[in-house]
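> One letter stands for each residue in the lines below.
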Amino acid sequence: MANRPYKRRQYLVNKKMQVRYMAMICVALLFVSGFSIFAMYFGIWGSVIDEFSDESVRYQLLTAARQTDYEYARRPFSERRFSTLALFKETDLLSMRQREIFKDIMARTNRRLFWQLGLLAIFVTAWTMFITHRIAGPLYRIDQCMKKIASGDLTVRGHLRKGDQAVEIMETFNGMAESLESSVKRLKQLGPQVNLPPVKDQILNELNRFHTS
Amino acid sequence: MTVARLKAPRRINIFRSRLKVLPAGGLILLVILSPLCPSQHVFAAIAPKDRETLLRIEKDTARYFFELSHATTGLVKDSSRQGSPASIAATGFGLVAYAIASERGWTSRSQAYNRVKKTLKFALTQTEHKKGFFYHFVSPHNGKRAWGSEVSSIDTALFIAGALLAAEIFSGEEVKRIAGQLYDRIDWNWMRNGTDQLSHGWKPESGFLPYYWDSYNEHLILQALALGSKTHPPPAKIWNAWHRLEDEYEGHKVVYAHTGSLFTYQFPHAFIDFRTLSDQGINYFDNSVQATLANKAFCLQQSGKYKTYSAVSWGLTASLGPNGYRAYGARPGLALHDGTIAPYGAISSLPFTPQESYEALLSYYKESEKRLYGKYGFRDAFNVDENWVADEWLGVDQGITMLMIENFLDQTCWKYFMKLDCIKRWIQRSGL
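If you read the sequences in order, they're chains E and U.
Under numbering that gives the first Met the number 0, the first residue of the first sequence is numbered 0, with each subsequent residue one higher.
Under numbering that gives the first Met the number 0, the first residue of the second sequence is numbered 0, with each subsequent residue one higher.
Rather than coming from a laboratory, the hints here were simulated on the basis of the structure.
Do not take every clue at face value.
What the hints assert, rightly or not - Examples of chain E residues lying across from chain U (beta carbon under 8 Å, computed):
#1 Phe41
#2 Thr62
#3 Ala63
#4 Gln66
#5 Asp68
#6 Ala72
#7 Arg74
#8 Phe113
#9 Gln115
#10 Arg160
From a predicted model like this one, the values you see are computed outputs, not experimental measurements.
Beta carbons are placed, not taken as given, at the ideal position from N, Cα and C, and that holds for glycine.
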């Protein structure tokens, strides 16, 4: 069989096996990536929120600001001097604003993550289909070739695409088929020269089971 | 609710016609105006259902002191907000709250007594002080000065008033002895700084604050305790050294406080029964009645500008507001206001204006669905115009609410406080 560019048209060459492999790989990939996303998401956000909303600092600032209010409330006739502490009264509002901002950011992030996870799932499915195709395709080809050998067709040769898994196995198989065909062909040539008619017929019958070029 | 100020002691329900807006079993209250002494008001006959409502609110309010006092020091937080320092005045109110809770059966006597004893012992031995005066704010953990606050004359007075009153209610020898030690060590005369008036306070960095109790205000309790002292009393002349400025608003003549805040007309009355006392012709109980009515009138007059104000939502007093803590008040006075009402303002005037205050209380109580009422009773303040409700409670505001409800119901604080020798000495020295 001449070498020719080999292109598979059908991606699900052995549907049952390929789907099984796809499921195994998909689950493994999704589990690993899901766990990583979960850990990173909460780990990173947890630290960010902690950093930006240190409650004890906020309460200290608020208390300090409250003291200036108390002082002035008790002595409103006194001149109210500017105190930077008063600025920290806004800390409470700031904190409320922070919470709103974080809520907003997290909602947006969650939405983005939802789409990204969808795309990831599509990508994982396509990728596993491609990978399993690279494995299942050659296995299927080898299986077909062996069945042909078993049926006596020693002319069969397998060809895989460049980059396919099991290219070497296919080459070994082809070598084995070549060797078998060559031996059988030779025996076929020698068979008629045997002078023991009953044995000769039996040998030729057996050899004729094999199809050679 | 039924309230009347009568010239004869008879039971009356003048609110019968208003039952549509009031719950059944309205407050039946009798206020007798004695013909011999125009100021001798006597309360009686509160309908059981109203009494129950008031006791429920008082009990919820008292919970603040049980839950927000430090387990070891007994010091009470200034605010329910996290990170709040302790307030020495709130701690004083807390001492009374424990004693009343014990009297009311809300807690066991031994538990309440031990709390009071522990708090007083810590105050005597550990809490930072200067000549017996405590700092306004202290760390609830160790009693050390917090946030550069001043050694405060008025806050120390409120603490000592609470200590003496709690000790009197308990009649326990040990708490009486410790409260007496705390009181006796205070050098009231030092707080004059050589003047005829008592200073607001003192700071280690700068000495005496340049502000003195020079006009009618909440400092009457400070004056009473200072003049009643047998160890370090100031001269009796300080009683006449502060101004009694009088003004009128909407027909209400008031010896007024500078801010016009209701609390200034209430704090001394939490302890002192002024009903029978006359100072140069002024009866401060009546004065607080007039100040409360003026405050309500001012709110009604401003109700066109602020949605918060109404006939059942009034009482401008110092409280939290949308923009921080403010000394809100009405006329006569500065009358700073922005539509913020503190429920404790009207409620703490229950002994002065039972009818008006109870109507306001019921109105606020109905607001509970709007977050105004919580685990410690009414939150500090609200502002309908700003769609704002405080998310915290303040210790001193809780304290005045509780004590004034108690005085309104059974005059408990007045009965015990007026028995104190120091109060008798003050009355005698000031010529009341």
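> Which of the listed hints are not met by the structure?
Structure breaks hints 1, 8, 9 and 10.
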